[in-house]
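Colleague: Residue strings, one per chain:
There are 2 protein chains.
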Amino acid sequence: MSDKVRIALDAMGGDRGPDVVVAGAALALTRHPESEFVFFGNSALIAPLLDARPALKAASRVVHTEVAVKMEDKPSQALRYGRWKSSMWLAIDAVKKGDADVVVSGGNTGALMAMSKFNLKTLPGIERPAIAALWPTLRGESVVLDVGASIGADADHLVDLAVMGAAMARILFGIDRPTVGLLNIGVEEVKGLEQVREAARVLREENLPGLDYFGFVEGNDIGKGTVDVVVTEGFAGNIALKTAEGTARQIGEYLRGAMSRSIGARLGYLLARSAFRQLRERMDPRRANGGVFLGLNGIVIKSHGETDPEGFAAAIDLGHGVVRDQLLAKITAALGRPGKPATSPARQALGGAAS
Amino acid sequence: MSDKVRIALDAMGGDRGPDVVVAGAALALTRHPESEFVFFGNSALIAPLLDARPALKAASRVVHTEVAVKMEDKPSQALRYGRWKSSMWLAIDAVKKGDADVVVSGGNTGALMAMSKFNLKTLPGIERPAIAALWPTLRGESVVLDVGASIGADADHLVDLAVMGAAMARILFGIDRPTVGLLNIGVEEVKGLEQVREAARVLREENLPGLDYFGFVEGNDIGKGTVDVVVTEGFAGNIALKTAEGTARQIGEYLRGAMSRSIGARLGYLLARSAFRQLRERMDPRRANGGVFLGLNGIVIKSHGETDPEGFAAAIDLGHGVVRDQLLAKITAALGRPGKPATSPARQALGGAAS
Numbered sequence: 001m002s003d004k005v006r007i008a009l010d011a012m013g014g015d016r017g018p019d020v021v022v023a024g025a026a027l028a029l030t031r032h033p034e035s036e037f038v039f040f041g042n043s044a045l046i047a048p049l050l051d052a053r054p055a056l057k058a059a060s061r062v063v064h065t066e067v068a069v070k071m072e073d074k075p076s077q078a079l080r081y082g083r084w085k086s087s088m089w090l091a092i093d094a095v096k097k098g099d100a101d102v103v104v105s106g107g108n109t110g111a112l113m114a115m116s117k118f119n120l121k122t123l124p125g126i127e128r129p130a131i132a133a134l135w136p137t138l139r140g141e142s143v144v145l146d147v148g149a150s151i152g153a154d155a156d157h158l159v160d161l162a163v164m165g166a167a168m169a170r171i172l173f174g175i176d177r178p179t180v181g182l183l184n185i186g187v188e189e190v191k192g193l194e195q196v197r198e199a200a201r202v203l204r205e206e207n208l209p210g211l212d213y214f215g216f217v218e219g220n221d222i223g224k225g226t227v228d229v230v231v232t233e234g235f236a237g238n239i240a241l242k243t244a245e246g247t248a249r250q251i252g253e254y255l256r257g258a259m260s261r262s263i264g265a266r267l268g269y270l271l272a273r274s275a276f277r278q279l280r281e282r283m284d285p286r287r288a289n290g291g292v293f294l295g296l297n298g299i300v301i302k303s304h305g306e307t308d309p310e311g312f313a314a315a316i317d318l319g320h321g322v323v324r325d326q327l328l329a330k331i332t333a334a335l336g337r338p339g340k341p342a343t344s345p346a347r348q349a350l351g352g353a354a355s
Numbered sequence: 001m002s003d004k005v006r007i008a009l010d011a012m013g014g015d016r017g018p019d020v021v022v023a024g025a026a027l028a029l030t031r032h033p034e035s036e037f038v039f040f041g042n043s044a045l046i047a048p049l050l051d052a053r054p055a056l057k058a059a060s061r062v063v064h065t066e067v068a069v070k071m072e073d074k075p076s077q078a079l080r081y082g083r084w085k086s087s088m089w090l091a092i093d094a095v096k097k098g099d100a101d102v103v104v105s106g107g108n109t110g111a112l113m114a115m116s117k118f119n120l121k122t123l124p125g126i127e128r129p130a131i132a133a134l135w136p137t138l139r140g141e142s143v144v145l146d147v148g149a150s151i152g153a154d155a156d157h158l159v160d161l162a163v164m165g166a167a168m169a170r171i172l173f174g175i176d177r178p179t180v181g182l183l184n185i186g187v188e189e190v191k192g193l194e195q196v197r198e199a200a201r202v203l204r205e206e207n208l209p210g211l212d213y214f215g216f217v218e219g220n221d222i223g224k225g226t227v228d229v230v231v232t233e234g235f236a237g238n239i240a241l242k243t244a245e246g247t248a249r250q251i252g253e254y255l256r257g258a259m260s261r262s263i264g265a266r267l268g269y270l271l272a273r274s275a276f277r278q279l280r281e282r283m284d285p286r287r288a289n290g291g292v293f294l295g296l297n298g299i300v301i302k303s304h305g306e307t308d309p310e311g312f313a314a315a316i317d318l319g320h321g322v323v324r325d326q327l328l329a330k331i332t333a334a335l336g337r338p339g340k341p342a343t344s345p346a347r348q349a350l351g352g353a354a355s
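Sequences listed follow chains A and B, in order. All residue numbers for the first sequence refer to our numbering, where the first residue is 1 and numbers rise by one. All residue numbers for the second sequence refer to our numbering, where the first residue is 1 and numbers rise by one.
So that you can see chain A by itself, here it is in the shape it has in the complex:
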């Protein structure tokens, strides 16, 4: 890796395509001038946007393609028409070929995961990748995974998620041994799914060097920031993430309604408007935009499809951070040494760690 951070961008991904992607990159460049961008997509749309931003243009290349993955297509459809030639595929391929350090896309999540898995392949011993989210909490931020890459998880997979999530938290939060909790529906040892209990036993008994196993946590512990890393399988994780987003939006609506209902409230709103601005910023889902695909031979960042330039820039910032801090190398190291049998990645990680 050179001093430059080379970022591949799927310019056609997301609901608003190149407009948001190019404007987001321009914002991110002001914060990280050592970035280099490769835009994949329709150059007739991208070039004029770059012409209007000379500083960004000087740090960018465009690779033209006319194929773009649609937001509503199934992964299998997207793979059929988009493999080898879509902007999404080519952006991922740049990471595979070593032409870029990370790829950021606001496109169709299912297609992005399918293409990433197909092209980059999973890390040795990892069968299924995960999507990790950065979740704002009362104590700061936590890593929550898996928020939707795959449904269901056995104990081994949950331990893998704990190891990968802890590596991400170590890097992003600068903590030596992040605390890790397993999401469950009761704090008593007796409750919950068999595989969650088994993962708890493994994490408790094997004292992994890179993480501090806390125990079970419940849904309300996520927002409290009880632990640095919350581990769950993708179905429950996705429902938790979307439910929290929905609740935040709901309360935002209540607040807007309450603050416009009387003259006193409107006056109060004016006086307290900087406080409201702060609150809005804290509740802003754009601040934590970007899911990280973990468990692949390469780093893929998924931005929300409906985000704006500020949100897309936040996803690029996240990509920048994980490249600079060598997330991939650290996860690979935490998961076990190369050359070992890959039958039980969790056990392998434990063995590698214990020796």
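For the record, the hints were derived by calculation from the structure and aren't laboratory data. For each residue, glycine too, the CB sits at the ideal point set by N, CA and C. A couple of the hints might just be wrong.
Said to hold, decoys possible - Here are a few chain B residues that sit away from chain A, every Cβ distance over 12 Å (derived from the structure):
#  : residue
1  : R16
2  : G17
3  : A44
4  : L49
5  : A55
6  : R61
7  : V62
8  : K121
9  : E127
10 : A155
11 : L172
12 : G174
13 : R201
14 : E310
15 : D317
16 : A333
To be verified - Simulated DEER-style distance windows between Cβ atoms:
#  : chain 1 : residue 1 : chain 2 : residue 2 : range
17 : A       : E281      : B       : A52       : 46 to 52 Å
18 : B       : A333      : A       : G257      : 38 to 44 Å
19 : B       : R256      : A       : P33       : 35 to 41 Å
20 : B       : M71       : A       : E281      : 35 to 41 Å
21 : A       : G174      : B       : D15       : 37 to 43 Å
22 : A       : D154      : B       : N297      : 33 to 39 Å
23 : B       : H64       : A       : E281      : 53 to 59 Å
24 : A       : E306      : B       : I175      : 27 to 33 Å
25 : A       : G257      : B       : E306      : 24 to 30 Å
26 : B       : A52       : A       : G305      : 58 to 64 Å
Put chain B on the given structure of chain A with help from the hints.
Modeller: Only chain B this time, still in chain A's reference frame:
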């Protein structure tokens, strides 16, 4: 059922026991003067509380027992020492014997479910009861079930949940054919668990008279109020419920912090305080206090253990409402006619409904 609504109360349940239960009953009585209460628990603690409230005392009986189920015990432990003689068991037993129309307890959820199942038994064709929550939304309220009675659900059980939840929504919201959504992690037909897809197929193809099947919904649809009834298995449902509670508390903290940070904000808060009071009320978890156990031969209402008199009164109100509107009779009718084989309750319900 007489004109009176007879309510059995587990006076020892909840973190604060008889204090909250008796005060909550007094509040509920002012709203529903036709209520009659039976308090189960330590009469030495209950009697003085009733003596201080003559109106309540006149509408109440006390059944003394010295055994109380502890909040932290496992269901199996609670059953061992509490069966036949604890306040929780005796309150449930009053419903079984026909001495009360509904039971309300703020005690240990697992023990309450275990005792309810053991004593009341499940309805014909229903193997596992569910806990239904009333969830405040931008459009009003929705019924969400199962929020933690049991883990995992096959397609038949999900269809049962849809039928029971719709019966509850019909009664509580006064809607003829409530809309029902299946909680999933994508709106495309292809996504999600096999059993959720299969339940979707059944609900779509069989046009059940008592509900209007909407399709898949995601976590953020719950707060929006996209559907009247959200159906999911208990693990994901409990995580969704707790995550939403945690997010609401988190935003409440942000708001408190923001409103005390500057003089302008404090002044603004004063001017807008009635708006804030409204907001607090809308966000107040006590308003929706009370999970309803569905699928049993009797109605059991679970109040939050840590609630106050206002919250406990809301749980009693809920119990009052479902008794007055004959929830149990309507669920039993919707689930199918007696005497039919109980191999597939979902199919049975469909058969009963179609004829």
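Colleague: Give a verdict on every hint.
Modeller: Right, here's what the structure says about each hint:
1. A cut-off of 12 Å between C-beta atoms confirms that B/R16 is not in contact with chain A; the least separation is 20 Å.
2. The non-interface label for B/G17 is consistent with chain A: the shortest C-beta to C-beta separation is roughly 21 Å, beyond 12 Å.
3. With a minimum CB-CB distance of about 31 Å to chain A, B/A44 clears the 12 Å threshold, and the non-interface call stands.
4. The claim that B/L49 lies off the interface holds: its Cβ sits roughly 31 Å from the closest Cβ of chain A, which is beyond the 12 Å cut-off.
5. Even its closest Cβ contact with chain A, about 35 Å, leaves B/A55 beyond 12 Å, as expected for a residue assigned away from the interface.
6. No Cβ of chain A approaches the Cβ of B/R61 within 12 Å, the least distance being about 34 Å, so the stated non-interface status holds.
7. Chain A leaves B/V62 outside its interface by the beta-carbon criterion, the shortest separation being 32 Å against a cut-off of 12 Å.
8. At roughly 23 Å, the least C-beta separation between B/K121 and chain A is larger than 12 Å, which holds for a residue marked as non-interface.
9. Every Cβ of chain A is farther than 12 Å from the Cβ of B/E127; the closest lies at roughly 18 Å, confirming the non-interface assignment.
10. Look at B/A155: its CB is around 15 Å from the nearest CB on chain A, clear of 12 Å, so calling it non-interface holds up.
11. Annotated as non-interface, B/L172 keeps its C-beta farther than 12 Å from every C-beta of chain A; the closest such distance is 20 Å.
12. Chain A leaves B/G174 outside its interface by the beta-carbon criterion, the shortest separation being 23 Å against a cut-off of 12 Å.
13. Taking the minimum C-beta to C-beta distance to chain A, about 18 Å, the non-interface status of B/R201 holds against the 12 Å cut.
14. Non-interface call for B/E310 relative to chain A: holds, since the shortest CB-CB distance, roughly 19 Å, exceeds 12 Å.
15. At roughly 22 Å from the closest C-beta of chain A, the C-beta of B/D317 stays outside 12 Å, upholding its exclusion from the interface.
16. Even its closest Cβ contact with chain A, about 31 Å, leaves B/A333 beyond 12 Å, as expected for a residue assigned away from the interface.
17. Checking the proposed 46 to 52 Å range against A/E281 and B/A52 shows it holds: the Cβ atoms sit about 50 Å from each other.
18. Our hint of 38 to 44 Å for B/A333 and A/G257 holds, since their Cβ atoms are close to 39 Å apart.
19. For B/R256 and A/P33, the hinted distance range of 35 to 41 Å is satisfied, since their beta carbons lie about 39 Å from each other.
20. Against the hinted window of 35 to 41 Å, the Cβ-Cβ separation of B/M71 and A/E281 comes to about 39 Å, which satisfies the hint.
21. The supplied range of 37 to 43 Å is met by A/G174 and B/D15, whose beta-carbon atoms lie about 38 Å from each other.
22. In this structure the hint that A/D154 and B/N297 lie 33 to 39 Å apart at CB holds, the actual value being about 37 Å.
23. Between B/H64 and A/E281 the C-beta distance comes to about 57 Å, which sits within the given range of 53 to 59 Å.
24. Checked against the hint of 27 to 33 Å, the C-beta distance between A/E306 and B/I175 comes to roughly 31 Å, which is consistent with it.
25. Checked against the hint of 24 to 30 Å, the pair A/G257 and B/E306 passes, with Cβ atoms roughly 28 Å apart.
26. A hinted range of 58 to 64 Å for the beta carbons of B/A52 and A/G305 is consistent with their spacing of about 60 Å.
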